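> Here's the letter readout for the chains.
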Amino acid sequence: MIASILKVLLFPGLLFLGVYSFVLEFVDRKVYARMQNRKGPPWYQPLADMLKLVGKKVILPNNAQKFVFAALPTVSLTAVVTAFLCAPVWGMQAVTAYEGDLVAVLYLLSIPTLCHFLAGYNSHEVYSTIGAFRTLTQMFAYEVPLFMAFLSPAILAGSWSITGIAAFYAARPLYVLINLPAFLIALLTSQSKLERAPFDAPEAETEIVGGALVEYSGRYLAYFRATAVSELTVMASVIAGVFLPFFTGNGAVDFALYLVKTFAVVLVMVLLRATMARIRIDQTLKFFWSVLTPVAIAQMILNLLLRGGLGL
Amino acid sequence: MSERNDHKVVLPIGPQHPSLKEPGSFKITLDGEKVERAVVEIGYNHRGIEKACESRNYTQDLYIIERVCGICSHAHTSCFCQAFEDMAGLEVPRRAYYIRGIVGELERLHSHLLWLGVASHEIGFDTLFMYTWRDRELVLDLLAQIGGNRVNYGVNTFGGVRRDLEADLMQDILHVCDQLEEKIKYYADLATTETTLIARLKGIGVLTPEDVRHFSAVGPVARAAGILDDIRVVEPYGVYKEIPVNAVTDDHCDVYGRTLVRVKEMLESIRLIRVMIREIPEGPISVRAPRKLPAGETLRRVEAPRGENIHYIRSNGSDMPDRVRVRAPSEANWHGMSYMLEGFQLADVPIIIAAIDPCYSCTDRAVSLSSGRDEQIASWDQLRLFGIEQYKKNGIDPGSIAIRPF
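Protein chains in written order, with my numbering: chain A, 1 to 312; chain B, 1 to 406.
For the record, the hints were derived by calculation from the structure and aren't laboratory data.
Be a bit skeptical, because a hint or two may be false.
To be verified - Heads up, incomplete: computed chain B residues facing chain A, CB under 7 Å, no partners named: (1) 9; (2) 122; (3) 275; (4) 350.
What the hints assert, rightly or not - Chain A stretches covered by chain B per the calculated footprint, using a threshold of three residues with CB under 8 Å from any CB of chain B: (5) 35–41; (6) 122–133; (7) 142–148; (8) 270–283.
As the structure is a computational prediction, the values presented were derived from the model and not from experiment.
Yeah, the Cβ is synthetic: ideal placement off N, Cα and C, and Gly gets one too.
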């Protein structure tokens, strides 16, 4: 009992998520800076930024609903943190694993996006409203390919739990190659979900001054930032669990492998962020619906056929 | 929130906004993401430069004119000095012309690199922004070596230049040119291959040749529509009388075309600097200039990085000008702005504004709308005929200028 509480609270649960999110944010910012020929921040910068933001004064917009305005950051952070408990970190076994947790994780990860929308809409400000609607528009663009990309490996594995999928592919590592298109789609859609360049139209600084969160300040903004950073960690962990399921059976070695895998995923995402211009929201929609969705559908059909064909 | 009854949103961009480098106001009426109407309001940065010039003597004016623009300070002083030298009848040494030319082309390099950085920042491509601004430092360091300052180098003076270029400094310039050429070629390659960049720039902010003539747009905006209005080519001055410039034009008519024009102009600038350094003659760098100008008036044009720069001086014979008029290139490009913005998306607004390389403080003027005593209204045709006559007096036949038919 105590052991499982410690697992949830300390390792590999909340505390680890917090620390590792700061590490990944540092990696993200540092590598991004080095790619741009800048020096980049020191290692403690993400933590320092967070502490500073938490200590700042909170300003509530006059015509916003106060309770909703204050509750949204907490709700979105909670959803992301809950999702992390289903990702395998130490060994193949996640803290909580049950049949269907992959679907639960994907839905939990939709909550921050909806919170962004509500936050922007509730702020009653022209920039944040436009940002909110762009957030929602983008969500309609990426959600379908994202779900299909994550569910395709599940179909082949015949399991709806991340741990189960990992176990299936760990036993048959070559099957991972079948899911390569889905892996690429998952990377791109995650980039879009996290609102990072080139899919950062919802928070385009030079157009709508930061988008949905423009009225947020102080600790509420800090929670939203924490959400974004943890979301990066959770997405990287889930991608590592579903698409890169290589395990040795030894807990510590698997943990090291987990770190390598998530680092690799984050590095690819930084590369995407650094090498492209922000595309317009209509171009985003077009790209996701006319390029990624058909590929995702094809992947799903292929996996369904293989599931029957391979006699699994 | 400024929402109207018909559910259309008026989005204010400016006077303070992250995409604007100087204060200016754009009221964008949105229909969804589409810009339905754009109202441009400038005038937040009026500094009274012209009036300040009229209450000081010419030598003091030179310092003010140097500060008209924070980027193309040399183009403004070049223009002002040429106007002064014209009226005073000064014979400027050839070496001075070459030094002016070299500094002018270096300035064009740093201005266009700055623009490329700003433009890529507007479309969210911060990596290119950091790269170009890093490379711009090379040019700024050179300019600091030449004039002692990174922006207002104070090279020009009446009757020549104030700073000579020594042999090792010229070697440094050539060295930097080699470094820059490689990088700019890389950017040119990037501009023609990077998918997201092209997707964001192509087909937006369209200004066809007819529109360019209608709105009197100048500089890279006009050249991107195939209209060759490079003053260095159509009305050569100074060093460009001896070293011809290869004109750069483009047929895209949009923001993408303006990008290509600027990138190609940078390569041309590097070529010009190399030729100038090879051909630079020995000799004095300035002649003594008078303090007073004879009564009269003159108007000179110089190609600044942003386009045609016009200075007008009217003298009443004293050591102070009676009237100074500075027409910075951005002033000509503002007129088409609303037209360029309307019909495109909100996401395109910052880059369309940035594509004319706007300089707000150079542009803002106080305009009095009350009519003067002897007011005269000339039609376009009369003005055109008058212009052709004036040019023929100066020995230039405008009939030889290639005008693109449409």
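> Are any of the numbered hints broken by this structure? If so, which, sorted upward?
3 and 7
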